[in-house]
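Construct all of the structure, not just a fragment, from the sequences and the given hints.
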Amino acid sequence: MSRIVNLVLLTQMLLLSVCTADAATANGIEQHPLPVRLADEDGTLFTTLPPERTGIDFFNSYDDPRMWDQRYEAFAFGSIGTGVAIGDFDGDGRADIYCAGKTESGRLYRNLGDWRFEDVTETAGLSKADAHWELGTAFADIDNDGDLDLYVCRAYAANLLYVNQGDGTFVEAAEPAGLGIVDASVMASFGDFDRDGWLDVYVVTNLLDIKAAPHGQIDRLFRNLGDGTFEEVTDDARIFGASQGHASVCWDPDENGWPDLYVGKDFATPDQLYFNRSGAGFADVIDLVAPYFPYFAMGMDVGDVNNDGRLDLFVADMLPTSREQYVSGMLNMQAKTATDIPTQAAAQYMRNMLFLNTGTSRLQEAAILAGISASDWTWSVRFEDLDEDGRVDLHVTNGMFRDFLDADFLARVNKLKVSSRKHLVKTAPELREKNMAFQNHGDLRFENVGEKWGLDHRGISFSTSFGDLDGDGDLDLVFSNYNGVPTVCRNDSSNTRRVLVALRSSTSNRFGIGARLKIETVAGTQVRTIASARGYLSTSEPVAHFGLGAADKIERMTIHWPSGRVQVIENLAADYRYTITEPKVKTDRVAPRPSPLFQNISDQAALSVTMDEESVYEFAEQPLLPMRQHTLGPSLAVGDLDGNGMDDVLIGGVAGQPRLPLLQVGLKHVVSKSPALKIAAETPDASMLIFESNGDEHPDLLVTKGGVNRPPSDAAYQPQLLLGRGNGSFTKAPADALPDFHVSAGPAIAADFDRDGPLDVFIGGRVVPDNYGKTPRSTLWRNIGGRFLDVTDAVAPGLKEVGRVQAALWSDVNQDGWVDLLIATHWGGVRCWLNHEGKRFAEEELGFAAAGAGWWNSIAAADFNGDGIVDYAVGNLGLNTRYRATPEQPVALFSGVFDQTGRTQLIECETVDGRLMPIRARDSLLAALPSLRQRVPSYHDYARATAEEIFGADQLAAAHRLEATEMRSGVFLSSVDGEGHQFIFKPLPRVAQIAPIFGMVAGDFDGDGHADLYAVQNSHTPTPEIGRFAGGISQLLLGNGKGEFTAVEPQESGLVVSGEARGLAIKDFNLDAWPDFLVSRREAPTMAFLNLPAATHSSFSVRLKGNKDNPTATGARVTVTLESGIIQAGEVYSGSGYISQSTSTLFFGFPQDDPPQEIRVEWPQGTTTAHPYSPGLSKMELFAPEM
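For the sequence shown, counting from 1, position 570 maps to 908 in this note's numbering; every step adds exactly one.
Just so you know, these hints were derived from the structure itself, not from any lab. Misleading hints may appear alongside valid ones.
Quick list of the computed label-pair ranges, beta carbon to beta carbon [said to hold, decoys possible]:
{"#": "1", "residue 1": "A958", "residue 2": "H553", "range": "30 to 38 Å"}
{"#": "2", "residue 1": "A958", "residue 2": "W406", "range": "22 to 30 Å"}
{"#": "3", "residue 1": "T677", "residue 2": "E1226", "range": "54 to 62 Å"}
{"#": "4", "residue 1": "P932", "residue 2": "K1138", "range": "50 to 58 Å"}
{"#": "5", "residue 1": "G431", "residue 2": "P552", "range": "47 to 55 Å"}
{"#": "6", "residue 1": "K790", "residue 2": "V860", "range": "23 to 31 Å"}
{"#": "7", "residue 1": "T948", "residue 2": "R1271", "range": "16 to 24 Å"}
Here are the simulated DSSO-like pairs of lysine-lysine, each with C-alpha atoms no more than 30 Å apart in a straight line [stated by the list, open to error]:
{"#": "8", "residue 1": "K790", "residue 2": "K772"}
{"#": "9", "residue 1": "K674", "residue 2": "K790"}
{"#": "10", "residue 1": "K1443", "residue 2": "K1517"}
{"#": "11", "residue 1": "K549", "residue 2": "K760"}
{"#": "12", "residue 1": "K549", "residue 2": "K772"}
If you're wondering where the values come from, they're calculated on a predicted model, not measured in any experiment. Glycine is no exception: its CB is placed at the ideal position from the N, C-alpha and C atoms.
See below:
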């Protein structure tokens, strides 16, 4: 130890000795100054102190013959760890430690100061002769007498309740208190669930008798009666279901003041999220709140990872960080257990989960995005601000007594007779892994800094407890180990400010368990909770620690006490430990939440419609298909179907259900009576276009067909043209109106590309049924008097095989007055085909290719950087899936023949250290290609083998290869250089990468004069082995006019769209000249959102009236200039986003003190008109000039 560290310890001791003398108390706030800390420049953030230094030498032995005999299953597959509890049991101002024992009684260590601890187990009255398996341990004041009692969970023996006598001794009183249950008790989570001021307790259980209860025991809930006794209320509270549990956590995600419970379950039993029904029991709402949850739920903790003032939840699993370990083990387990489940149900996957609390009814999930989805065989996870920079970091303990994830090892075990298996397991090596520490860099980015911080201990570690053991204001660490002594780590933080807060309640439970503390500093917002059980099997010192970085004070602290009282305290100096007493009467007012920007009006508008889709099994012909292709819709179209001047709605048909036409009547929508619009078809609708096809000024409807429920080139994929009669009724067009196009399509978009008047059409081919690796055909149709002619080869050579088209947009990309064609593809790029005066199209790069190949799904356009030139937003897969791709490390797909059968197979590969490695599980691959077994005889052989070694270099070279190099959604921003118009790709904010983006619209949605973006998300299309990509609930992004966006929290936007969102369209439901949203979802109700404008901003609509061939002036560009010089630009589209069509009306916003000056229209025929803005005008109707 360096001289500097010795000096630090001496300084701390001196300061602690005078701490009481320097304490000050005022208004129920007691404060103690924290000592000055000096840095050890040569050390790590944490220093491990040996037992010889601390005196904490309790060896946690696992030497129990029953673990390999009659209790083997409970030991091997139950909860095997032991807990640690930190708390000041004797009230001397120093945090003490209790360490549970597996095969003998745990030990209580009294903190003597100067990192010396004394074993006081016997003198404190804790020694028990009947030693049994101890697991979780918790300090909690169960009788509200101001000192900490101790509850110890045990298996096969009664739990222990040590009641603190206030003199440094305890009396065991579990049986008379009603808590001496004999069960497979794992951990007790204390919380005041009925808010009567007394701590109740939830007991997590696990395996007790595998024959009688193979899925574990039922958890138990006990109500504190306030007289030192508890009554069991498990059934009355509706706690149900067998449990192989490891942990639970009290958490109030809806912030209604009633503590809720998340309960993790190991193996296939679903986790439970119990919402507290105001003290009248619980309801499991996990399917309604979370998109998925872990398969092997281990430890868990809550913390505000993104500093938005709300507590998020992290639940650990056992996903290896090593690719070889993953591919040789858990990947095959996931493949074997994966099944399709109902769309509305939460799925279960073998990885960590980070649930982001959005302040709404739904959670987002972001573990992969944050870089913490894998942390090895994890037990405890704990959020604390370890480096005191104002962001909570993550500590993880790891290891297992044997590697039960190794598929080769399990295969050897399963070949043996049951009687011989235990011997093989007993003689196998231990799985000793490094613990981890993840530093939170903000913006949902974590970095493993275990080695850098001195927290990468290798071994088998279990529970974790934090507390300020040396009184210097930062949090130190103790964790338990398998067959070892506890590890004690001193936090050597320095050069940062901090605050510690302890609570003392007058009406709530004495230590304020369940309280939520929110602070505001110059650096932003932080929130903590005083919780009981956290991590795994442990409780930490019941204090809230805030790292302040360089901030010298807390400007405002808001405490939400368990009783419901709210207390606001201002100007708390940094570097103090505060003890705050709950006020007995006063409740401070907290500013109410602002009204959201949008309101869900789905029911009021009669648009909450579910399209029930028939399932299609796609894996018979393509067993290694990565993404199912029948789930493309429902599509959306908005337009005036009945000629009454109001936009109506079309919801696309799906397999088994025809499309649904809904006419607007007032705010509500009623089903159209036109039979032609509702004809059922063999294939689902792909895109629908409401447009003028024949010049009679009655809107017509073009419907393309998609999906894969018919063979390739089947006539069922032929597009349909329905001709409007002007009264809302439609009839089929003549058979020769459309060319033959028997292709499973994606987008259909219309514009007058040759300026001859009628609207022409591009249709993108999306997929070839039963042949995912083959490129489908796309087509360009010229409209000649209401009949369409395929001119693809003549006008746009190469366009026919442009790729797997997901989205397309007609837009004047190069500002020459002629609409160009933008196309977004899967396994390809965003491609731009410039229009050369209607005579030919030629592909140009213009910066679009620089974004790389991706899984691009959608395109939306607006002027995002305020230069008067339209920019383009594109939706992609995002960064929250297992597919990660860069130009240097691409994801590849091979379609070819790889065995003697001659059958074409699909092989997915990822690039690892420059080598192509297969993505799918060995068992999945060999089921499709059994002849390759000899090349990869073991799971480890497969995990180490490259694609060339498995499939053969010649076969891969002969196969058709596709690549993806970019998975981020983003925008192409215009930039004018010496070569003309170019576009630069810029990723969207990180939170927008939380899920694949499908529907997307652009415009000024908040009326500040700058273009914004709204995107809907999620995909259930991946094979069950890969799992859903459903971490999002949609995202509103507000632009600043410089090409930059700010993500709006769902609670603020009011836009919460769970499940598989597909189409997204703009529509003005209440005709107030503000853009509203319509969202379609697969196998879930359609949603409508009404814009609730701010009083300081205004919006006006522009509706263009073109000629008879193009009455909506599709292809026109409108530019609005505000008084300040701010420029907005928008175009009129027929088809945009993802298989959607928005209203042809454009909307422009402006601050009330910066009104529009001029509206300029560039009409489709090449003419330009300018129009003044009349103050107060909310709706403008502009007519095309006579030609």
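Tested hints:
| no. | hint | result |
| --- | --- | --- |
| 1 | A958 x H553: 30 to 38 Å | 33 Å, holds |
| 2 | A958 x W406: 22 to 30 Å | 46 Å, violated |
| 3 | T677 x E1226: 54 to 62 Å | 36 Å, violated |
| 4 | P932 x K1138: 50 to 58 Å | 52 Å, holds |
| 5 | G431 x P552: 47 to 55 Å | 49 Å, holds |
| 6 | K790 x V860: 23 to 31 Å | 27 Å, holds |
| 7 | T948 x R1271: 16 to 24 Å | 45 Å, violated |
| 8 | K790 x K772 | 13 Å, holds |
| 9 | K674 x K790 | 38 Å, violated |
| 10 | K1443 x K1517 | 13 Å, holds |
| 11 | K549 x K760 | 17 Å, holds |
| 12 | K549 x K772 | 35 Å, violated |
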